[in-house]
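K.L.:
Go by the hints and put chain B onto chain A.
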Amino acid sequence: MRYLLRRLGHAIFLLIGVSILAFLFTTLAPGNYFDEMRLNPRIAPETVAALRAQYQLDRPLPLRYASWVNSVLHGEMGFSFAYNSPVAPLLLSRARNTLLLTVTATLLAWGIALPLGVWSADRLGRLPDAILSWGTAVLLVIPDLALALGLLVLAVRTGWFPTGGMTSVDFETLSPVNKFRDLALHMTLPVAALVLSALPLLIRHVRAAVADVLDAPFLLAAQGHGIPKHRLLYRYALPAAANPLISLFGFSIGALLSGSLLIEVVMSWPGIGPLLLEAILARDFYVVIGGVVFSTLFLVSGNFLADKLLYWTDPLIRTESSGG
Amino acid sequence: MNRRSSLAKWLVVLGVLHGVVACAGFFAPYDPTAQDRKSPYLPPMRVHLVDTQGHFHMRPFVYSPRLREGTFDQYEDDSMEPHPVTFFPSGASYRLLGFLPCRRHFFGADNARIYLLGTDAYGRDQFSRFLLGGQVSLLAGLLGAGLTLLIGLGIGAAAGYYGGWRDSLLMRLAELFLALPWLYLLFALRAFLPLAVSPLQAFFLVIAVIGIVGWARPARLVRGVVLSAKERDYVRAARGFGASPGYLLRHHILPETYSVLLTQAAILIPQYVLAEMTLSFLGLGVPEPVPTWGNLLASLQHYSVLVSYWWMYLPALLMVPFFLGYLGLASSLQAREEAYKIEGWSPGSLT
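Residue numbers (this note's numbering), protein chains in the order written: chain A, -19 to 304; chain B, 1499 to 1849.
Bound-form chain A, shown alone (with noise of 0.2 Å):
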């Protein structure tokens, strides 16, 4: 337990830092959201200023910090002035969309990495082997932006699946079994960009931690025992090769974070990417720290979930967290 906790305050002390570092970043910013304003001549400078007063601009940055702490404790995390709110409620409903996206990612390419690398370790060097390490080199090579620019091209040249947006129009209209329908249609592009994207690293490592295991002389006796092929590979073999591949799941998660968030902008995915790059060109830095902020909470609560795995799994750690 004591391991689990140890990495719960890694994990906040995580989560206060990036809000820090973000914040550093604000006061190496030339001109925020009020200096367009400041350039046209029918607002009085005045006005500015207040405006500035108001949002706290022209206190020092310590005391924004202060405030901005305060403002995460109610639940607000700052102020948007491009759309005149509370970061929070805008970050949330763009949040759920991107976890929606990420989390079907995951589980997907996981879904599709660990039998196809298991399989191909199994047959290590032989021509199944082959045909997938060459299949991974052809999609690790390829441009994530071009990966999903190409399937765009192809939706559009085929018209099977729409090519932007998370619903149709008429989305609200829908009976349930249609809303799910539409919804998985508009899904299938994004999700499909993200997984072939995070595919080839992870069926590589999964081919290596296996194969590496594979030689073990536990499993040799337990071959010799007549246990079958498949109960081997999947009982035996997978989970002592489980270690690194948890620790890949934490970082998986950031990888498809990243992804997730020009394959939004690049697919129109009303995720926490548009919102961000469009709080960029504005200057709106409450939701860009905002932002920020969401996606390492992801990211830490997806870290903190392979650790806690990794716990359950792996006596070494449970024994040496209770022994000390």
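It is worth saying that the hints were derived from the structure and are not from the lab.
Any given hint could turn out to be false.
What the hints assert, rightly or not - Pulled a few chain A residues facing chain B out of the computed Cβ check, cut under 10 Å:
| hint | residue |
| --- | --- |
| 1 | Leu1 |
| 2 | Phe5 |
| 3 | Val118 |
| 4 | Asp124 |
| 5 | Leu125 |
| 6 | Ala126 |
| 7 | Val136 |
| 8 | Thr143 |
| 9 | Leu237 |
| 10 | Gly239 |
| 11 | Leu242 |
| 12 | Leu257 |
| 13 | Val268 |
| 14 | Gly271 |
| 15 | Thr276 |
| 16 | Arg298 |
Claimed, not checked - Computed footprint of chain A on chain B, listed as stretches where at least three residues anywhere in the stretch have a Cβ under 8 Å from a Cβ of chain A:
| hint | segment |
| --- | --- |
| 17 | 1676 to 1682 |
| 18 | 1796 to 1804 |
To be verified - Chain B stretches covered by chain A per the calculated footprint, using a threshold of three residues with CB under 8 Å from any CB of chain A:
| hint | segment |
| --- | --- |
| 19 | 1657 to 1664 |
| 20 | 1714 to 1728 |
Since this is a predicted model, take the numbers as computed values, not measurements.
Where is the CB? At the ideal position from N, CA and C, for every residue including glycine.
P.N.:
Here is chain B on its own, set in the frame of chain A:
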């Protein structure tokens, strides 16, 4: 032997590709910003050897396109008049390798313009833009990776050599940077820098942003190597003779990190080229009219382009060999490191 030859093979591949891009002005038939307003969105031209009458020509030729009657973006070949492809014609002036003034190009067409990858909305040659854009993107990747490795080397060496509270502080900071999804970090850093800047400023801004974001991983690797290297007997001996920390680092410790740094460079450069592409694609990087691989693809954000002008996607396919080259280089460098490990010498095993 086999390992060395695979490394050499990838180096040759990358050398050729980069050579072509470095001499982009020569291989590109036109100036990347020259507009041909009469032929916007021209599809890629076919290079023929046999004309419509069935006659075989020794010299390849193209047909110049003309607008189809009653349309504004549909072209048809003017098959009356073949324009032979010419080699080494004189054309738009450029500076070879950035300094040699030159007018000679690799190829062109007689009395016509040749567009191998088609043209964009302003009638600019996509092939020339791809090559010249490669200069910007690849240079950004190289310089960004150089900056990252420099920062990583400095911080990693300091943390590993001095240890103690400096080590813990720097490594906590590194964890912070590693914890963030790096594209978000890139965006956040970019968000607080000026948006409307000249292309040259934007170029250096992008390099700085990309270079600063990625220092944590190389720093950790370097620290690992330094930690093990500083306890070697010859280093202790040199220290016993009164060598200063700077001397020890320069002459005895840091040379051991080179293979790690080399592998990191092969991994980081393509990643940073991608980062530059992403930023420019989203309009946060190097702006038009300067071509980069990112803003070359930016027009695909418009639905109409996606539907009607598929050849705007072709540059994306031409980039793949570059990434393939770097992937091959990185994996053969990694294999070389692994081989050292088996011989009992382990760079970076403490990470």
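K.L.:
Going through the numbered hints above, which ones does this structure break? Give me the numbers in ascending order.
P.N.:
16, 19, 20
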